[in-house]
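Number of protein chains: 2
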Amino acid sequence: MVLSPEVRADRKVVFRLLAPQAESVALRTTDLPAPGGPQMSKGENGVWEVSVGPVEPGAYRYTFTVNGVQVLDPRNTLTSESNATVHSLVYVPGAEFMDANKVPHGAVASILYFSKSLDRNRRMHIYTPPGYEAGQEKYPVFYLLHGAGDCDDSWTTVGRAGLIMDNLIAAGKAKPMLVVMPAGHTSAGFGMRGPGGGPSRDEFAEDFVNDIMPHVESHYRVLADRPHRAMAGLSMGGGQTLGIGFSHLDKFGYLGIFSSGIFGNGTAAWEEQRQTMLDDASLKDGLKVLWFATGSEDFLIQSTKNTIGALQKRGFKPVCKETSGGHTWINWRNYLHEFAPMLFQ
Amino acid sequence: MVLSPEVRADRKVVFRLLAPQAESVALRTTDLPAPGGPQMSKGENGVWEVSVGPVEPGAYRYTFTVNGVQVLDPRNTLTSESNATVHSLVYVPGAEFMDANKVPHGAVASILYFSKSLDRNRRMHIYTPPGYEAGQEKYPVFYLLHGAGDCDDSWTTVGRAGLIMDNLIAAGKAKPMLVVMPAGHTSAGFGMRGPGGGPSRDEFAEDFVNDIMPHVESHYRVLADRPHRAMAGLSMGGGQTLGIGFSHLDKFGYLGIFSSGIFGNGTAAWEEQRQTMLDDASLKDGLKVLWFATGSEDFLIQSTKNTIGALQKRGFKPVCKETSGGHTWINWRNYLHEFAPMLFQ
Chain H
46 MVLSPEVRAD RKVVFRLLAP QAESVALRTT DLPAPGGPQM SKGENGVWEV SVGPVEPGAY
106 RYTFTVNGVQ VLDPRNTLTS ESNATVHSLV YVPGAEFMDA NKVPHGAVAS ILYFSKSLDR
166 NRRMHIYTPP GYEAGQEKYP VFYLLHGAGD CDDSWTTVGR AGLIMDNLIA AGKAKPMLVV
226 MPAGHTSAGF GMRGPGGGPS RDEFAEDFVN DIMPHVESHY RVLADRPHRA MAGLSMGGGQ
286 TLGIGFSHLD KFGYLGIFSS GIFGNGTAAW EEQRQTMLDD ASLKDGLKVL WFATGSEDFL
346 IQSTKNTIGA LQKRGFKPVC KETSGGHTWI NWRNYLHEFA PMLFQ
Chain A
46 MVLSPEVRAD RKVVFRLLAP QAESVALRTT DLPAPGGPQM SKGENGVWEV SVGPVEPGAY
106 RYTFTVNGVQ VLDPRNTLTS ESNATVHSLV YVPGAEFMDA NKVPHGAVAS ILYFSKSLDR
166 NRRMHIYTPP GYEAGQEKYP VFYLLHGAGD CDDSWTTVGR AGLIMDNLIA AGKAKPMLVV
226 MPAGHTSAGF GMRGPGGGPS RDEFAEDFVN DIMPHVESHY RVLADRPHRA MAGLSMGGGQ
286 TLGIGFSHLD KFGYLGIFSS GIFGNGTAAW EEQRQTMLDD ASLKDGLKVL WFATGSEDFL
346 IQSTKNTIGA LQKRGFKPVC KETSGGHTWI NWRNYLHEFA PMLFQ
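Top to bottom, those sequences are chains H and A.
End of the first sequence sits at 390 in our numbering; the numbers just go up one at a time, nothing left out.
End of the second sequence sits at 390 in our numbering; the numbers just go up one at a time, nothing left out.
Hints were generated in silico from the structure; no laboratory data involved.
The structure presented is a predicted model; accordingly, all values stated were derived computationally and were not measured.
Among the hints, a few may not be true.
Which copy is meant is left open, so a pair is good if it fits within one copy or across any two.
Unchecked claim - Straight-line alpha carbon distances no greater than 30 Å define the calculated DSBU-like cross-link-like pairs of lysine-lysine that follow: (1) K362 with K87; (2) K296 with K147; (3) K183 with K87; (4) K296 with K161; (5) K87 with K218; (6) K220 with K183; (7) K147 with K358; (8) K183 with K147; (9) K161 with K220; (10) K147 with K329; (11) K161 with K366; (12) K87 with K333; (13) K161 with K147.
Take these sequences, add in the hints, and give me the full structure.
Dropping the structure here:
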């Protein structure tokens with residue numbers, strides 16, 4: 046049996062695919078450096094192979110391209126869904142904050158709820174902290190949104206959200222909380238209906254406010270008030286966090302925007318739509334954290350800066366963290382790890 | 046963008062794969078009839094296609110074989126893990142008992158627990174019924190085991206266990222209960238360490254009794270006594286149910302064996318290992334249901350019959366249901382649908 050992927054102790058990862066009849070096999074990955082180039086070499090036994098790294102600890106999505114067809118690794122049961130397809134997933138351990146350590150683990154559940162706004166069943170993922178299932182305590186809720194390329198499964202697979210929360214909670218660095226990860230796309234395909242650039246009806250915002258939040262607050266033991274509600278998202282999800290968060294500023298005490306800003310041309314229309322909330326001085330104090338993080342190589346860094354400028358002019362005090370790197374899951378996992386400890390303190 | 050799979054209103058399913066450079070593409074599936082043969086035809090646009098059915102409503106795993114390499118459908122995000130690989134999954138609706146209907150839905154969580162028996166983190170899936178997360182009630186527990194080709198994910202993907210339970214509970218046909226779906230394999234690969242045929246140390250039985258059950262009973266609001274514990278499994282999981290169930294008959298009030306029986310050569314050694322429990326007349330009354338179901342075309346039908354004969358000789362009253370069909374998920378979903386309503390009544 047072919048072993049793939051093989052994660053070695055020196056953090057080199059060897060990918061293998063049995064394909065004796067193939068003419069070309071390449072490794073396709075977003076975040077993994079492939080110093081030898083993505084092309085794989087064929088051995089005498091028909092097994093194509095490439096060794097990558099040593100790589101930084103982390104979760105990496107990959108596929109093979111066999112004669113032009115994108116395929117998953119048939120020897121790996123670990124997968125990660127994105128918006129339009131599914132990837133194989135490899136985890137390279139060694140980063141304590143997201144390793145599966147010997148600490149109490151929460152549960153990540155897949156949930157179906159009926160969305161009245163969209164008139165159909167929708168799926169979301171919900172992390173409950175260690176102790177939830179047997180306890181009686183009420184918990185704060187952190188809504189965590191994915192990006193345009195992803196889906197509600199992504200934060201718990203490639204994003205390691207559950208394990209990051211487990212480790213933070215075990216270390217006493219984050220409060221125990223629910224993390225709700227809804228599906229940000231409302232139609233098939235890549236079509237984004239985000240605030241700013243979307244059509245007149247913002248389907249996700251309706252679903253979020255009228256269905257997702259009420260579902261969570263009626264089906265889970267949660268603290269359903271502003272000081273105990275947080276929202277963050279990456280890229281498209283950052284845009285949704287800004288859009289929904291500032292349209293319902295009375296409902297959220299903590300907002301996090303990862304690799305994102307206000308979408309569309311400038312911020313004027315966005316601000317106009319939310320004028321009342323933006324001008325209401327009484328709401329500003331209750332926004333305990335307004336945190337932006339974007340990599341210096343991220344194509345949305347300027348959008349982040351423009352948004353921060355616009356919010357500062359309105360009297361908000363956003364915190365901006367410019368990190369290294371680009372629009373990658375490497376950064377988003379780090380941002381979650383940094384943002385979650387600020388919540389509900 | 047290529048649409049695949051396309052499930053048509055007449056329950057025909059069209060599978061498509063964009064592979065302009067491929068020389069052969071075939072559809073590979075276990076339970077789906079492919080009347081035109083598995084080979085797919087290439088259209089002028091480089092899209093290979095095959096139409097199957099009309100097929101019976103149900104969940105079907107499939108892959109494509111492209112120039113000899115087994116690949117998932119890159120246009121389908123639905124997947125189902127098995128023991129050694131992962132499949133694309135298509136659901137053909139129309140069977141009310143397993144459709145995603147407009148009823149209250151439970152949650153299916155993925156859980157990590159630390160197994161002291163095996164000295165590592167292990168994963169299991171747990172279904173909690175509608176109302177669990179906000180409630181205070183204690184529930185009975187049904188342990189549901191997979192087969193040798195599968196893993197702890199399989200019952201909730203291809204097996205539709207969560208949806209089958211949702212529908213039964215909504216109709217008042219089954220009691221609300223937890224369904225715990227552990228990982229029956231303890232080593233990589235297909236290697237089975239089941240009762241009867243395994244090595245002297247039964248790793249899964251140790252993990253089940255010393256780690257899985259205690260974890261569930263300390264982390265969930267459950268009724269932890271014999272009248273509120275059930276176990277069932279298919280194939281290898283049926284063997285494990287027999288092995289663990291009759292070694293701990295004082296702990297289980299309900300046992301279900303799907304497409305299985307005692308493994309190995311005859312039942313003598315198996316019976317000898319469990320002599321005390323089998324001979325203890327006081328334990329027989331508390332076994333409220335002992336239910337076997339196997340298809341007449343199943344290669345384990347004789348094993349089922351031998352096991353039933355052996356248990357009858359020991360004074361048990363097994364109920365045996367011989368159905369049509371073979372060793373398939375079509376039968377296992379039906380068996381779950383029939384078995385769950387008998388529990389905890």
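Verification of the hints:
1. K362 with K87: neither (56 Å within a copy, 59 Å between copies)
2. K296 with K147: Answer is between: at 29 Å across copies they meet the 30 Å cutoff, but 36 Å inside does not.
3. K183 with K87: Intra 56 Å, inter 57 Å, cutoff 30 Å: neither.
4. K296 with K161: Result: close within a single copy only, 21 Å intra versus 44 Å inter.
5. K87 with K218: Classified as neither: same-chain Cα gap 48 Å, cross-chain 56 Å, threshold 30 Å.
6. K220 with K183: both (12 Å within a copy, 27 Å between copies)
7. K147 with K358: neither (47 Å within a copy, 47 Å between copies)
8. K183 with K147: Cα proximity of K183 and K147: in one copy and across copies (25 Å, 28 Å).
9. K161 with K220: between (32 Å within a copy, 28 Å between copies)
10. K147 with K329: Answer is neither: 41 Å inside a copy and 40 Å across each miss the 30 Å cutoff.
11. K161 with K366: Close neither inside one copy (38 Å) nor across copies (42 Å); limit 30 Å.
12. K87 with K333: neither (56 Å within a copy, 59 Å between copies)
13. K161 with K147: between (41 Å within a copy, 11 Å between copies)
Violated hints for the displayed structure, listed by number in ascending order: 1, 3, 5, 7, 10, 11, 12.
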